[in-house]
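Asker: All chains, full assembly: derive it from the sequences and hints.
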Amino acid sequence: MSSSTVSIPSTHYLNNGTTLKSWLLTKDHKRIGLLYLAAVTFFFMLGGAFAVAIRLELVTPAGDLLSDANYNKAFTLHGVIMVFFFLIPAIPSVLGNFLIPLMIGAKDLAFPKLNLLSFYIYFVGSLFTMYAMVSGGLDTGWTFYTPFSTVASTTAVVPAALGIFINGFSGILTGLNFIVTIHRMRAPGMTWFRLPLFVWSHYATSLIQVLGTPVLAITIVLVAAERIFGFGLFNPAVGGDPVLFQHLFWFYSHPAVYIMILPAMGIVSELIAAFSRKQVFGYGFVAFASIGIAVIGFLVWGHHMFVSGESVYAALVFSFLSFLVAIPSAVKVFNWTATMYKGSLSWEIPMLYAVGFIGLFAIGGLTGLFLASIGLDVHLTDTYFIIAHFHYVMVGGTIMAYLGGLHFWWPKITGRMYNRTLGKFSAALVFVGFNLTFFPQFVLGYLGMPRRYHAYPDEFQVLNVLSSAGASVLAVGYLLPLFYFALSLKYGEIAGDNPWGAVGLEWNTTSPPPTENFPVTPVVTWDAYEYPTPVEGHVV
Amino acid sequence: MRSGTIPLFPEAASTMASRVDGLYFFLVGLTAFFTILIAVLIAVFMVKYKRRTPNEIGARIHGAMALEIIWSVIPLLICFGIFAWATDIFLAMSRPPAETMNVYVVGKQWMWKFQHLDGQREINELHVPVGRPVKLIMTSEDVIHDVSVPAFRVKADVIPGRYSHLWFEATKAGEYHLFCAEYCGTRHSGMVGRVVVMEPDDYQAWLAGGVQEGSLASSGGKLFQDLACNTCHRPDAQGRGPVLQNLFGKQVSLESGETVVVDEAYIRESILMPRTKVTAGFQPIMPTFQGLVSEEGLLELIEYVKSLKTDSQVQAVRPNTGGPAANENTPAQTPPSRN
Amino acid sequence: MSNGAAVAHDPHHNPNLAHHFESMEQQTEASILGMWVFLVTEILFFGGALMAYMVYRSQYPDAFALASSHIAILPGAINTAVLILSSLTMALAVHAAQTGERTKIMFFIVITMILGAAFLGIKAYEYYEKYEEHFIPGMGLQFIFPEPEYQQNAQIFFSIYFVLTGLHALHMIIGLGIMTWMFIWVKNGTITSEYFAPIEISGLYWHFVDIVWIFLFPLLYLIGRHVHHV
Numbered sequence: 001m002s003s004s005t006v007s008i009p010s011t012h013y014l015n016n017g018t019t020l021k022s023w024l025l026t027k028d029h030k031r032i033g034l035l036y037l038a039a040v041t042f043f044f045m046l047g048g049a050f051a052v053a054i055r056l057e058l059v060t061p062a063g064d065l066l067s068d069a070n071y072n073k074a075f076t077l078h079g080v081i082m083v084f085f086f087l088i089p090a091i092p093s094v095l096g097n098f099l100i101p102l103m104i105g106a107k108d109l110a111f112p113k114l115n116l117l118s119f120y121i122y123f124v125g126s127l128f129t130m131y132a133m134v135s136g137g138l139d140t141g142w143t144f145y146t147p148f149s150t151v152a153s154t155t156a157v158v159p160a161a162l163g164i165f166i167n168g169f170s171g172i173l174t175g176l177n178f179i180v181t182i183h184r185m186r187a188p189g190m191t192w193f194r195l196p197l198f199v200w201s202h203y204a205t206s207l208i209q210v211l212g213t214p215v216l217a218i219t220i221v222l223v224a225a226e227r228i229f230g231f232g233l234f235n236p237a238v239g240g241d242p243v244l245f246q247h248l249f250w251f252y253s254h255p256a257v258y259i260m261i262l263p264a265m266g267i268v269s270e271l272i273a274a275f276s277r278k279q280v281f282g283y284g285f286v287a288f289a290s291i292g293i294a295v296i297g298f299l300v301w302g303h304h305m306f307v308s309g310e311s312v313y314a315a316l317v318f319s320f321l322s323f324l325v326a327i328p329s330a331v332k333v334f335n336w337t338a339t340m341y342k343g344s345l346s347w348e349i350p351m352l353y354a355v356g357f358i359g360l361f362a363i364g365g366l367t368g369l370f371l372a373s374i375g376l377d378v379h380l381t382d383t384y385f386i387i388a389h390f391h392y393v394m395v396g397g398t399i400m401a402y403l404g405g406l407h408f409w410w411p412k413i414t415g416r417m418y419n420r421t422l423g424k425f426s427a428a429l430v431f432v433g434f435n436l437t438f439f440p441q442f443v444l445g446y447l448g449m450p451r452r453y454h455a456y457p458d459e460f461q462v463l464n465v466l467s468s469a470g471a472s473v474l475a476v477g478y479l480l481p482l483f484y485f486a487l488s489l490k491y492g493e494i495a496g497d498n499p500w501g502a503v504g505l506e507w508n509t510t511s512p513p514p515t516e517n518f519p520v521t522p523v524v525t526w527d528a529y530e531y532p533t534p535v536e537g538h539v540v
Numbered sequence: 001m002r003s004g005t006i007p008l009f010p011e012a013a014s015t016m017a018s019r020v021d022g023l024y025f026f027l028v029g030l031t032a033f034f035t036i037l038i039a040v041l042i043a044v045f046m047v048k049y050k051r052r053t054p055n056e057i058g059a060r061i062h063g064a065m066a067l068e069i070i071w072s073v074i075p076l077l078i079c080f081g082i083f084a085w086a087t088d089i090f091l092a093m094s095r096p097p098a099e100t101m102n103v104y105v106v107g108k109q110w111m112w113k114f115q116h117l118d119g120q121r122e123i124n125e126l127h128v129p130v131g132r133p134v135k136l137i138m139t140s141e142d143v144i145h146d147v148s149v150p151a152f153r154v155k156a157d158v159i160p161g162r163y164s165h166l167w168f169e170a171t172k173a174g175e176y177h178l179f180c181a182e183y184c185g186t187r188h189s190g191m192v193g194r195v196v197v198m199e200p201d202d203y204q205a206w207l208a209g210g211v212q213e214g215s216l217a218s219s220g221g222k223l224f225q226d227l228a229c230n231t232c233h234r235p236d237a238q239g240r241g242p243v244l245q246n247l248f249g250k251q252v253s254l255e256s257g258e259t260v261v262v263d264e265a266y267i268r269e270s271i272l273m274p275r276t277k278v279t280a281g282f283q284p285i286m287p288t289f290q291g292l293v294s295e296e297g298l299l300e301l302i303e304y305v306k307s308l309k310t311d312s313q314v315q316a317v318r319p320n321t322g323g324p325a326a327n328e329n330t331p332a333q334t335p336p337s338r339n
Numbered sequence: 001m002s003n004g005a006a007v008a009h010d011p012h013h014n015p016n017l018a019h020h021f022e023s024m025e026q027q028t029e030a031s032i033l034g035m036w037v038f039l040v041t042e043i044l045f046f047g048g049a050l051m052a053y054m055v056y057r058s059q060y061p062d063a064f065a066l067a068s069s070h071i072a073i074l075p076g077a078i079n080t081a082v083l084i085l086s087s088l089t090m091a092l093a094v095h096a097a098q099t100g101e102r103t104k105i106m107f108f109i110v111i112t113m114i115l116g117a118a119f120l121g122i123k124a125y126e127y128y129e130k131y132e133e134h135f136i137p138g139m140g141l142q143f144i145f146p147e148p149e150y151q152q153n154a155q156i157f158f159s160i161y162f163v164l165t166g167l168h169a170l171h172m173i174i175g176l177g178i179m180t181w182m183f184i185w186v187k188n189g190t191i192t193s194e195y196f197a198p199i200e201i202s203g204l205y206w207h208f209v210d211i212v213w214i215f216l217f218p219l220l221y222l223i224g225r226h227v228h229h230v
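Residue numbers (the numbering used here), protein chains in the order written: chain S, 1 to 540; chain P, 1 to 339; chain E, 1 to 230.
Each hint can be trusted.
With the Cβ distance kept under 7 Å, some of the chain P side facing chain S (calculated, not the full set):
1. Ile6
2. Pro10
3. Val20
4. Leu41
5. Arg51
6. Leu76
7. Phe83
8. Lys155
9. Asp157
10. Gly161
11. Ser164
12. Phe179
13. Thr186
14. Ser189
To give an idea of the interface, some chain E residues facing chain S are shown, with a C-beta separation under 10 Å as derived from the structure:
15. Gly34
16. Pro137
17. Gln155
No wet-lab data here; the hints were simulated from the structure.
For glycine and all other residues, C-beta sits at the position ideal for the given N, C-alpha and C.
Answerer: In structure tokens form, the structure reads like this:
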């Protein structure tokens, strides 16, 4: 099959059935990926709106834009929406769903109906959470610490918790689907060590989804039982232990951050390989690093609790393990950089995002060492340093990779290319705006500005103003793609099967692909990212 | 420390602060080093290996075991080093010196109450002298709060139902921010205060000038009598409860066979849930005082027990009238309220 | 890049073979692996609650033993026997499915369901007893514990008791639903000796719910055996 056709096939998954029902009841993993794309984009904008409120408020030291209560709801909902309804599902449910069957040479995931169910579970969970938003809001922080969330908060804690509980099952079932798919649905010849690293990352992510999310579920059940029935599990007045909640919560929520970063790392491997036209350096090490991060990631939750009263002994163990978990991430960064050595590098937009990821993830990950150092974490915990750290990895990391992935696979998903100039401009705005927003927050954190404060001492104002200014630039950078991606659907240049000249089974089928992905099941005889001969592609 | 109008760095006003700062600067340097290294490498590669023809591909390089080992082991060793350094600092932070000036802290939505042992009470403000180790013994009346003093680089959660500690030794007179650093509800950002560090003479003057209500221990002695604790806990071992003289800080055996150290937490638990850790050789007959004693009352009783040494005893405000047949049926009294 | 051999479309393939699978074997293996992965998530789910149980039990061993001693053992023991028996009948149903004996499968599914319903009935009776004895914490009810100095910590025991047994009962109810669905599929001929994976995976689920109970019974009912009431 030639890869230089520059046309859109007459039938493909997008026009194979055009009724609303064929979309809402689809079992095609590609369409389900697009349903998720619409949903997560909506929630990203909603979470972003709360971020705008926060940054506007923080321009002045006094709490003068929002009342105390409303500010607390703003940062809580920003966190809840971004973590549970955007960062955790976005890459796996949009790109993972779309690409994994294509990348392994399968017709669909193992359980297509379960995949659709996962989407609707996500949707129902989001309805509960949005109901909570409008019927009292939520002011517990996304971390729901007891006894405030069980006894003192007067907001819609139970509906919100229920929404997150339900949403969790979406993640669990998606993870289950990916695990079974990767084990059982690989095309002939597609051995484990020929899999693209995107698949390895999603496998590791799915392990975490499946093992960690149920613990969040039971934690939420216990909090809801406390709130609804008045059980006293976390209430010190009846002998309960509020810190037990923190252990149960962080046992999931720390691995959750690896759910957020591992798929992003998978994208970066694909982008670096494609835009260096070269195998990922140390493929085996990168693959096992993903598994290593997943496993060690379950052992470090106590580093969120260094000042919560855990024993010195426990703190030392968690600190040590937290340093260990940094190593596989470092290994990946070095391997990606080495991949670029003697590659054939192109400055396309996905590559810009990938390179941006590496730089920002390096900073974000290295600042994690500050926090693993207990003696230093005592000063930094619960300050803006933490906020800066996790935004560097989750926004400078995950969201950059997500955007890079969208820009890379958009032609495959839609058959069209987008406006490259706007894309590069957007990427530049995102990079500059991001750093201006979050770098000052490292300084603010060391100065001691606590998180979740909307009124602060005057001397912190300049740094806050810089941060808010950056946020406005970042916002534009995020809004532009909505615009030019939409435009591309009608006016975009036709991309063809393989506009980037990349290696991967997804590029061996049409853009957009047919519903069954491949007219005939491929038989794989080559390694991942093997560029054996000059590749013909769409000339830029 | 300021540079123009942008502060970059908090004051270092405690003995631990410079140690924390040292580690911080090292890590800043490390982060800068590796980030710049990677950034430069990538920039160089992006230019040097820029694609020249549309069909060009990269070199066929799988990997190099030697490199993988080097860039796994070296970061690992660096991490071990940082871990050791940070642990050293942390252990110093978690082990207060033997002699500390203790201050009790009660946090509640949305204010801080500080109680000096000699009776001084402060709201949202804490006066301490330069050069003396100070230990804060803290609890919350409602949800979890956190005492954070950035200038001292200290922080600890303040939890309902138990005591937590932090210690510092201030090195510079001045006023420093004190923040609540665990989200606690509506006025979390308003739950702020300041630590006022004074030269020793000024501090003495401040102490003397305050309204004296009696030391915590003496108030505790009064409470001890009001609640009739003295009927069972007698210094002559004739009472139904253990002798409390010289007890604080000792190890005791329990009925269950375990041993515990008599510290603030044990005394508090014994007052609120007396039958969970009964001293060996005694019956589980002590009634609970949950609801009858406030958090401040508990602190006063603790200080009173601490003060019970056979050589120097704090005088209770009312003389002890009890003999062996001390009144078990103390007349009903309204519980003392201290808010 | 070359693409390989075409997969012949087998006109005689099993009507239950979904089109994204290459063979029945692949489909069956996938569904069984899927159910095992799901059961792992369930272990973690109950595990969180068991963690809370273990933490509090080590903190308040006497209160927990005392509280447990107030729970009547007979209904719990009967329920344990009922569930183990139901796992046997479920295994027999799967065995019958392998040989395609329709009536037998339906018979054993029904017995399993009757036993499951019996379990739930006895559980309901136990819950009612708790209500009568004032052992239900919170819910606006009065919690009264015979030994008042342990009242608070006993309340924690019973909170965990209700969370664990309540979640378990919920899983049993879902199990009954699954059994009903399987019964219908056997009755209408969907299940054959070539396609009985659904029965197998339903069996796996049922056995799992049984095993959870095997953990709950000693932890909740039997830890107070040494305590003698006055």
